[in-house]
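Residue numbers (our numbering), protein chains in the order written: chain A, 1 to 257; chain B, 1 to 254.
Everything labelled a hint here was simulated from the structure, so no lab data went into it.
Keep in mind that a hint or two might mislead.
What the hints assert, rightly or not - Label-pair ranges, simulated between beta-carbon atoms:
id, chain 1, residue 1, chain 2, residue 2, range
1, B, Val234, A, Thr115, 41 to 49 Å
2, A, Val187, B, Ala110, 41 to 49 Å
3, B, Tyr48, A, Arg117, 52 to 60 Å
4, B, Phe34, A, Arg246, 38 to 46 Å
Even for Gly, the Cβ is constructed at its ideal location relative to N, Cα and C.
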Amino acid sequence: MSDTPTIRIRGLTKSFGDKLVLDGIDLDVMPGTSMVVIGGSGSGKSVLLKCVLGLIQPDAGTIEVNGQDLLRLRAGALDAVRSTIGMLFQNGALFDSLPVWENVAFGLLATHAVTRRTARVRAAEVLAQVGLDASVGDLSPAELSGGMQKRVGLARAIAGGAKILFFDEPTTGLDPIMGAVIDGLIVDCVKRLGSTAVAITHDMASARRIGDQAAMLYKGRIVWQGAAAGLMDSGNPMVDQFTHGRRDGPIQMELRK
Amino acid sequence: MAAVGRGFWLALSMAGSIALFGLNALTHIVRPPFYGRLFVQAFVEFSYFSLPVVSLTAVFSGMVIALQSYAGFSRYGAATAIPNIVLISVVRELAPVLAGLMVAGRVGAAMAAELGTMRVTDQIDALTTLSTNPVKYLVVPRLLAGTLALPLLVLVADVLGVMGGWLVGTAKLGFNSHTYLMNTMDFLQSMDVVVSLAKAAVFGFLVALMGCYHGYNSRGGAVGVGTATTNAVVSASILILAFDYVLTELFFAQ
Ligand SMILES: Nc1ncnc2c1ncn2[C@@H]1O[C@H](COP(=O)(O)OP(=O)(O)OP(=O)(O)O)[C@@H](O)[C@H]1O
Ligand SMILES: [Mg+2]
Numbered sequence: 001m002s003d004t005p006t007i008r009i010r011g012l013t014k015s016f017g018d019k020l021v022l023d024g025i026d027l028d029v030m031p032g033t034s035m036v037v038i039g040g041s042g043s044g045k046s047v048l049l050k051c052v053l054g055l056i057q058p059d060a061g062t063i064e065v066n067g068q069d070l071l072r073l074r075a076g077a078l079d080a081v082r083s084t085i086g087m088l089f090q091n092g093a094l095f096d097s098l099p100v101w102e103n104v105a106f107g108l109l110a111t112h113a114v115t116r117r118t119a120r121v122r123a124a125e126v127l128a129q130v131g132l133d134a135s136v137g138d139l140s141p142a143e144l145s146g147g148m149q150k151r152v153g154l155a156r157a158i159a160g161g162a163k164i165l166f167f168d169e170p171t172t173g174l175d176p177i178m179g180a181v182i183d184g185l186i187v188d189c190v191k192r193l194g195s196t197a198v199a200i201t202h203d204m205a206s207a208r209r210i211g212d213q214a215a216m217l218y219k220g221r222i223v224w225q226g227a228a229a230g231l232m233d234s235g236n237p238m239v240d241q242f243t244h245g246r247r248d249g250p251i252q253m254e255l256r257k
Numbered sequence: 001m002a003a004v005g006r007g008f009w010l011a012l013s014m015a016g017s018i019a020l021f022g023l024n025a026l027t028h029i030v031r032p033p034f035y036g037r038l039f040v041q042a043f044v045e046f047s048y049f050s051l052p053v054v055s056l057t058a059v060f061s062g063m064v065i066a067l068q069s070y071a072g073f074s075r076y077g078a079a080t081a082i083p084n085i086v087l088i089s090v091v092r093e094l095a096p097v098l099a100g101l102m103v104a105g106r107v108g109a110a111m112a113a114e115l116g117t118m119r120v121t122d123q124i125d126a127l128t129t130l131s132t133n134p135v136k137y138l139v140v141p142r143l144l145a146g147t148l149a150l151p152l153l154v155l156v157a158d159v160l161g162v163m164g165g166w167l168v169g170t171a172k173l174g175f176n177s178h179t180y181l182m183n184t185m186d187f188l189q190s191m192d193v194v195v196s197l198a199k200a201a202v203f204g205f206l207v208a209l210m211g212c213y214h215g216y217n218s219r220g221g222a223v224g225v226g227t228a229t230t231n232a233v234v235s236a237s238i239l240i241l242a243f244d245y246v247l248t249e250l251f252f253a254q
């Protein structure tokens, strides 16, 4: 395994107004592995991914993708890095002016890599991978259920064959069987296609299935990092409380600011 | 006093950021990729689907100008000037300004709502992650469509406005149909039409710019989208009237 991390984050800090969301995050994701990020609602997981995508400008810190410092890249080079990353947004973020298949094939069509006809065939293939029939391709995103939208978002993220994949809660809103199918698909992308993945999840079974490594975010910091297999018996009181869903422990529910 | 100063700076910085937004979009016009399909969509929305409202507005304003000026001018025995007055007011002012305002309410508002929704549901961010520049994809086609479609629309409005005046003139004010039209044709100057269309292009650009700017930069869920829509219509309307004065000064002031 190469020793340059695919993603290397150091001292990443971001606040919105006077609310400190990320407070000095250090994180490495090695090539061909998957990292699961867990943490309470509102702890800044989505913001973390958006910073790496350059969608949110951090206040301080460095983000390197394949050794390139994102915050110092010119716009053109930044776009080039971004196009190597596929992203599933937490809410799907499907383009509701386009039919499902064009959503899925959007990245392919945008780079003019393929004709519309080929793109359509490819879209049907990827839709099948996420358990959706090709006929779904002609519907508009508004006609889909929440879980179907999520799967179309996932199909869109992986359709372009991106070497880096970000999944913001890929299985939230799916039934348990479909959740397992999607987890399998993500593992496939990493193990078979050699992609590098970062997944945010609240589902511990899913976290252990998807993740090689896991990290827990709490109050803007990474409080624990280790093998995803050890999530349930990490010995860290915060992680234990979180993964077992106990009400009492070091993490106290507080009203979020 | 301090509040006035703050408001002034706020307005100035807003104008600055709108100008930057517009300039940035303009630099993308000449660089590929070009989104022809999106341009056509926006163009049809601006022109074809705005035709009914703009036509009705034009006809009625031509009619009302004929009626009003007759009421005023017949006192001085100048009623024969009606065709000319209708022509000048419709072509130079009413057609472009009213078409601009109508389109601001119809298309500008819809644009702000659409882009605003795309912003708050992360669709604009998603474009960026799919090798697509959102300014090029969303803003440029709309700006071009607005600038090119409004002149077409206003040309129709010019004709219909004059016909509105003719309708009232012949049906109610006792003008001979042929004389009315001949008067109009004799008085028609190409400069008036050029100005009419130039104003239309500027107003179309402004409507699209305001719709895109406010939508693109909207924040905070459904409420934010609502605010963006309102701001797009209000700011476009004010800018149309302000630029109307500036352009009139530019073309007609001696
Ligand atoms: N654009 C923004 N402007 C202001 N505050 C924001 C913005 N985006 C996120 N935040 C704040 O940052 C904090 C972290 O948000 P984030 O979406 O990253 O949470 P999360 O960890 O993904 O939570 P969840 O598990 O519920 O999705 C929240 O308190 C949120 O209010
Ligand atoms: Mg989130």
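Status of the hints after comparison with the structure:
no. : hint                              : result
1   : Val234(B) - Thr115(A): 41 to 49 Å : holds (45 Å)
2   : Val187(A) - Ala110(B): 41 to 49 Å : holds (44 Å)
3   : Tyr48(B) - Arg117(A): 52 to 60 Å  : violated (30 Å)
4   : Phe34(B) - Arg246(A): 38 to 46 Å  : violated (57 Å)
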